[in-house]
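Assemble chain B onto chain A, guided by the hints.
Protein sequence lines, in the order shown, are assigned to chains A and B.
So the number in the numbering used here is just where the residue sits in the first sequence, counting from 1, plus 10.
So the number in the numbering used here is just where the residue sits in the second sequence, counting from 1, plus 10.
Just so you know, these hints were derived from the structure itself, not from any lab.
Source: prediction; values computed, not measured.
Which copy? The list can't say, so a pair holds if one copy fits it or any two copies do.
Straight-line alpha carbon distances no greater than 20 Å define the calculated EDC-like cross-link-like pairs of lysine to aspartate or glutamate that follow:
1) K64 / E110
2) K82 / E110
3) K64 / D105
4) K101 / E57
5) K81 / D113
6) K101 / D59
7) K198 / D222
8) K64 / D113
9) K82 / D113
10) K81 / E110
11) K101 / E60
12) K198 / D214
There are 2 protein chains.
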Amino acid sequence: MTILRIFIFLALFTLAIGNENENLNSHVFPRPLIIEYPEYNEPQLKEYDEVQLKCTSWRFAVEANNLSPWKKIPEECADYVRQYIVGLSYKMDIDRVSNEAGDYAKSVILGDDGKDVWVFDVDETLLSNLPYYSDHGYGLEVFDSVEFDKWVEKGTAPALESSLRLYQEVLNLGFKVFLLTGRSERHKNVTVENLMNSGFRDWDKFILRGSDDHGKAATTYKSERRNEMVEEGFRIAGNSGDQWSDLLGSSMSNRSFKLPNPIYYIP
Amino acid sequence: MTILRIFIFLALFTLAIGNENENLNSHVFPRPLIIEYPEYNEPQLKEYDEVQLKCTSWRFAVEANNLSPWKKIPEECADYVRQYIVGLSYKMDIDRVSNEAGDYAKSVILGDDGKDVWVFDVDETLLSNLPYYSDHGYGLEVFDSVEFDKWVEKGTAPALESSLRLYQEVLNLGFKVFLLTGRSERHKNVTVENLMNSGFRDWDKFILRGSDDHGKAATTYKSERRNEMVEEGFRIAGNSGDQWSDLLGSSMSNRSFKLPNPIYYIP
Chain A
11 MTILRIFIFL ALFTLAIGNE NENLNSHVFP RPLIIEYPEY NEPQLKEYDE VQLKCTSWRF
71 AVEANNLSPW KKIPEECADY VRQYIVGLSY KMDIDRVSNE AGDYAKSVIL GDDGKDVWVF
131 DVDETLLSNL PYYSDHGYGL EVFDSVEFDK WVEKGTAPAL ESSLRLYQEV LNLGFKVFLL
191 TGRSERHKNV TVENLMNSGF RDWDKFILRG SDDHGKAATT YKSERRNEMV EEGFRIAGNS
251 GDQWSDLLGS SMSNRSFKLP NPIYYIP
Chain B
11 MTILRIFIFL ALFTLAIGNE NENLNSHVFP RPLIIEYPEY NEPQLKEYDE VQLKCTSWRF
71 AVEANNLSPW KKIPEECADY VRQYIVGLSY KMDIDRVSNE AGDYAKSVIL GDDGKDVWVF
131 DVDETLLSNL PYYSDHGYGL EVFDSVEFDK WVEKGTAPAL ESSLRLYQEV LNLGFKVFLL
191 TGRSERHKNV TVENLMNSGF RDWDKFILRG SDDHGKAATT YKSERRNEMV EEGFRIAGNS
251 GDQWSDLLGS SMSNRSFKLP NPIYYIP
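Just chain A, with the same shape it has in the complex:
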C-alpha cells in the first residue's frame, strides 16, 4: 500500500504540475499520457495486490500443510508462482532452510557408534527439476508422469546449491546420509549418475520405491523405510524434504526441514 500511495502521490503531483504548466505552455507536455497513467494503472495495481495477497495466502497454506491433496496450482497464481521461483524468494527460502538445518546439525551431539543419520529426499530437495517445470507452467499443468520420466532419464537435474552445502556439512560432521526418494528402482542408475555429476557423494543408503511400494502413499512408504532404519538402531537426527509426506508419519526425525515447493504436492 505504501508503494501505491507514493505512486498515486507522484502521479497526482505530476498531474498537478502538468495542469499548472498547461496553462503556461500547453505545447510542451504530452499531457494525456500523464493523465491516463493513474487512471489506467490504479485498478491494475489493485488487482495485482489482491492476487498477491490471495496467492501468498495459498502458498502459506501449502507450506503449513493445511490443504487437501491438490493436482495443480490455482490458475490465478500462475504468474505469482513463476515470479516466486525465478525471483529472489525461492532462493532465499531454500537458503534459510539449509542454514537452519546446518545450525541444528552442528548442535547435535553425535554418538560414537556411527548411528546418527540425516535423511534427504531427492527431487526438489537435493536435485532441482526446475528446467522441467519451467517448460510445464511451474505447476500449472497437471503432472504428466510419462513426460517427467523422460526428463528424469536425461539425468541432468542440477543440484540445489544450498542443499549441496548442507549435504557436505552433515557428512563432515559425521552423520550418515540416507537418501529416501519416491523415484522408482528402475531409475536408480540414472539418478545415481545425476547425483554424482551434481556433486552428491558418499551416501550410506539409497532407498528407492521397489515393486512392493508402488501405489503406496509417500507418507506410508517413507514411514516404513524410516521404521526400518530405527529398527536397525539408527537415530534419525534430521530429515530434509520439500513435501510433508517426506517428513510426517512414523519414526519421524528429531527435527524436520521443509523446503518450499509451491509447484506440486505428493500425498
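For chain B alone, coordinates are given in the frame of chain A:
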C-alpha cells in the same frame, strides 16, 4: 518489481520533463523536489522490498516449522508483522484454514459411537489475544508471563470469527469437541467464562495444564493428553492449533490445521 519499474519510469519521466522545462522556464518548477524524489525514494523502496522479502521468508520458515525455538520476532520485521496482522493477510490466512478444515470435516464419515473428536487449542486458535499483543509490539517484546496473566484474568479475549464458525460446524456435524490448552488450571473459570461470552459452548472436555504438567514442553503435555483420548477409544479426526506443538508428537490427528502465528513460538 513491476511496481518498482513503473515508479522508476514515472519518476524518470517526471525528471525528464522537469529538465526539459527548466531550460524553458526555470522559475515555474520546484525542481529540486522532483529530482530528489527518485534519489530519495529509490533506495527506500529497495530497502522496503528487501525487508518484505526477508520477513516473508522468515514468516514462511515459522509456519513450516523450520526455525529453532525463538523468543521474539526479528527487529527488522516489526513493521512487517504488524502490517500482516492488522492488514488483510492474517484474516485471509485464518479464513482459509477454517474453510479447509470445514471442507475436510464434512468429508469425514463419523462412527455412530460418538467417538469422533475435534481438538481445539485456545489461544490464537479460538480466542485472540491481539488486544494484548497490540500493546506489546506484536511479538517484538519478549513474552512477559506476569503481564499476560493479567490480561488472561480480564477474560475479555475476543473469538477468532472463522474459528467460531468452524467450531459450530464441527459440533453440528456430530464431532465431540475437546479443548486442549496450555493455560493453567487456575485460569479455568475465567477462561470458561471468556469462551462462553465469545460464543463457544458445548465442548465435551476442557483440558488445562495441571500441577504435574508445568515445566513440560507443550508438545509433550499435549501428546500425553491426546494419548489418553486415544486410549479412551476416541478417534481424533481433526486438530486446530496455531503452534506446531499443538499438532505434532504422538497420537496425532488424522489431519491437522495450522493457524498462522508470526507473533510468538511455544516449543
